[in-house]
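Participant: As a plain string of letters, each chain reads:
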Amino acid sequence: MLSGARLPRSLHPVAWWLWAIALATAASRTSNPLLLALIFAVLGLVVTARRGDAPWARAFRYYLYLALVVVGIRVLFRIVFGTGVTADDHVLLTLPQLSTPDWYAGIQLGGAVSVEAVLSAAVDGMRLACLLCCIGAANTLANPKRALRVLPGALYELGVAVTVALSVAPQLVESVQRVAKARRLRAGRARGIRALPAIAIPVLHDALDRSLRLAAAMDSRGYGRTGTATPGSRRITGVLMLSGMAGLCVGVYGLLDPTVPRPLGLGGLAAGTLACAAGLVLGGRRVSRTRYRPDPWRWPEWAVAAGGTLAAVVLAAGTGYDPAALNPSLHPLQWPTLPLLPAAAILLAAVAAFAAPPPPAGPARITAPAREPAVDPV
Amino acid sequence: MLAATFAAVAVAAPAQAGPLPISQCTTTSGVILVVDFGHFGGPRLRACGSTPTTGYQLLNQGGWKTEGTGHDGPAFICRIGYSGHQSGKKFPTPQQDPCARTPPATAYWSYWHADPGRNSWSYSQLGAMSYKPKPGSVDAWVFGATDTGGTSGGPRFSPDSVRARNTTPGGGSSPRPSPKPSKPAATKPGAAPTTAAARPGTSTSASLAPPPSAPPSSSVSAEPTPTASESSFLDAAPVEAARTDTGSSAPALVTVGLVLLIGAAGAVVAKRRRAGG
Chain U
1 MLSGARLPRS LHPVAWWLWA IALATAASRT SNPLLLALIF AVLGLVVTAR RGDAPWARAF
61 RYYLYLALVV VGIRVLFRIV FGTGVTADDH VLLTLPQLST PDWYAGIQLG GAVSVEAVLS
121 AAVDGMRLAC LLCCIGAANT LANPKRALRV LPGALYELGV AVTVALSVAP QLVESVQRVA
181 KARRLRAGRA RGIRALPAIA IPVLHDALDR SLRLAAAMDS RGYGRTGTAT PGSRRITGVL
241 MLSGMAGLCV GVYGLLDPTV PRPLGLGGLA AGTLACAAGL VLGGRRVSRT RYRPDPWRWP
301 EWAVAAGGTL AAVVLAAGTG YDPAALNPSL HPLQWPTLPL LPAAAILLAA VAAFAAPPPP
361 AGPARITAPA REPAVDPV
Chain Z
1 MLAATFAAVA VAAPAQAGPL PISQCTTTSG VILVVDFGHF GGPRLRACGS TPTTGYQLLN
61 QGGWKTEGTG HDGPAFICRI GYSGHQSGKK FPTPQQDPCA RTPPATAYWS YWHADPGRNS
121 WSYSQLGAMS YKPKPGSVDA WVFGATDTGG TSGGPRFSPD SVRARNTTPG GGSSPRPSPK
181 PSKPAATKPG AAPTTAAARP GTSTSASLAP PPSAPPSSSV SAEPTPTASE SSFLDAAPVE
241 AARTDTGSSA PALVTVGLVL LIGAAGAVVA KRRRAGG
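Residue numbers (full-length UniProt numbering), protein chains in the order written: chain U, 1 to 378; chain Z, 1 to 277.
If you're looking for bench data, these hints aren't it; they were derived computationally from the structure.
Only a predicted model underlies this, so the values are computations on that prediction, with no experimental measurement involved.
Every residue gets a Cβ at the ideal spot worked out from N, C-alpha and C, and that includes glycine.
Where hints are given, some of them may not hold.
Calculated lysine-lysine pairs in the DSS-like style (CA-CA distance at most 30 Å, straight line) [what the hints assert, rightly or not]: (1) K271(Z) x K181(U); (2) K145(U) x K181(U); (3) K132(Z) x K65(Z); (4) K145(U) x K271(Z); (5) K134(Z) x K65(Z); (6) K65(Z) x K89(Z).
Beta-carbon label-pair distances, calculated as ranges [said to hold, decoys possible]: (7) A270(Z) x G238(U): 42 to 50 Å; (8) R58(U) x Q96(Z): 42 to 50 Å; (9) P360(U) x G263(Z): 20 to 28 Å; (10) V268(Z) x Y65(U): 18 to 26 Å; (11) L274(U) x A145(Z): 30 to 38 Å.
Sequences and hints are given; from them, build the entire structure.
Facilitator: Here is the structure:
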């Protein structure tokens, strides 16, 4: 049993998503740069160790670039829109200050920039970047097409749309890489803006081609078939789902906005949940699906999901360590501390790199001659 | 709505701004600062500062200290502490609000002014760093919820109950005795120190100022306000701010080591995968 669980296979996508979302939750709870750095390191290790060879599995690097851009933008904005310097701050540089009229007082452009402001902007950006990279890691590690299977039947079309949308970015990246390689082989000289048509047009062409192929492949496999459902029942399902979603939105808004009476929020949430559940049940009846090659859920899945969840729970609970250490203050400037329990919990999430089975060997997949999109029968 | 506590125009506070003993504030000079810790079961503290000054400067002198948020910087007043109250612990505590992002409009320090001669509060339209209180005015900070227009959630005491009454510095400076002075004190004998501190004529300024070298918690045991009457105040005398050190760099070094270790493990794994594949 144990050895079977550890044979090369792709881990259940839900396990990877649970792990990544839990780590993102943990990251959102802290602005301690040390803990965030540990989360980044864990993400990097697990992605390096357990990503497959599919096109989406090569996207993590681009999430890292995006993360750098996020940090840069955050710091830039904090420098341009000054937030005030106190007497104890260490001034890094002073920009020319734009004065605003009296009726617009409170917004400052330029002015003194302190080390503290730059550091806190960088840490704030780092937290957002960490959330991005968690989602990026999940996209890299989990097979989005296999994740479709766990959706309830009624959400099936929606799930197909989401899956196709999710895999667009990595496939575009792959497309760009392929076109660039082809240009290099043909010794394409144009650089910069002039090279754009030579890259953009083949990439767009490629995207169109791929959509048509995907549509044909899905059609031939029976996607979008309505089965035995009558137009009436389809309409009822649609109305139930839409009104349920609207009810959920109103309910959540009502619960988050303190000026809305609480019963309204709770009522909306309950009504929305009921309508959604009814729609799911009704819609699920018309889609009958068989399982081919079901994804097993064995102990590696449990270990991966539990490792991530533990980190989220420890950082959200705030007990067993000083909660102030999660959000260290930069005024006055001081070294952040490393709370032991959260750090240990985050490091434990790295267990995923060893608990998860190695991904299936890739070469056979990459060089598959048919360039038909691999839509797994669900 | 939250813009009131959010300041951006960082005007370097004038050099002469500083804390003053409460008796130095008069009807025409100095600014009275009132901070209501009632939400946290603490007292209402009253202090005095010289002008010209800013709302931020008033809250960061004479033992007072504020903390901003990670998102908005120090100009957003997220926590307030006074070294004579609970040994300088800043409220809300990290358990109550991490102060990483802008706090919700239902639980934050709202900023209120009363110009000289006015007996009603106005919600501050400027942040603490931008607002320059007029001599003889009152600045109040109240924790809790306000509506977006700043018409609700204001201080539950009147500006006149805290305003300086004397016209020359050094005289009796205590607030007018409250109209319903000692109802809680009569029912709860334990509140005696608190009400005594707010009574005119008594030497109140020492009640909350810790002696320079005494253990911090000793002087602050004045029974906090659950028992204090509607308009009782403790006068916070100017004290030296506690020095803070920069902490140890060891945790940062340990983390760098850990990250390098994980990175090395990742490199080994990648190399092995490349060799195996």
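Participant: Would you mind marking each hint as holding or not holding in the structure?
Facilitator: Hints versus structure:
1. Of the supplied pair hints, the one linking K271(Z) and K181(U) holds, its CA atoms being roughly 24 Å apart against a limit of 30 Å.
2. Taking the CA atoms of K145(U) and K181(U), the gap is about 27 Å. The hint holds against a cut of 30 Å.
3. Taken as a hint, the K132(Z) and K65(Z) pair is honoured in the structure, with Cα atoms around 18 Å apart against an allowance of 30 Å.
4. The suggested pairing of K145(U) with K271(Z) holds, with an alpha-carbon distance near 29 Å, which does not exceed 30 Å.
5. A hinted pair counts as satisfied when its Cα atoms are at most 30 Å apart, and K134(Z) with K65(Z) qualifies at roughly 21 Å.
6. Annotation: proposed proximity of K65(Z) to K89(Z) holds, straight-line Cα distance about 9 Å (limit 30 Å).
7. The beta-carbon spacing between A270(Z) and G238(U), approximately 48 Å, falls within the hinted interval of 42 to 50 Å.
8. Look at R58(U) against Q96(Z): about 45 Å separates their beta carbons, and that is inside 42 to 50 Å.
9. A beta carbon spacing of about 26 Å between P360(U) and G263(Z) agrees with the range 20 to 28 Å that was offered as a hint.
10. Here the CB-CB span from V268(Z) to Y65(U) is close to 24 Å, well matched to the stated 18 to 26 Å.
11. Take L274(U) and A145(Z): their Cβ atoms lie about 32 Å apart, and the range 30 to 38 Å holds.
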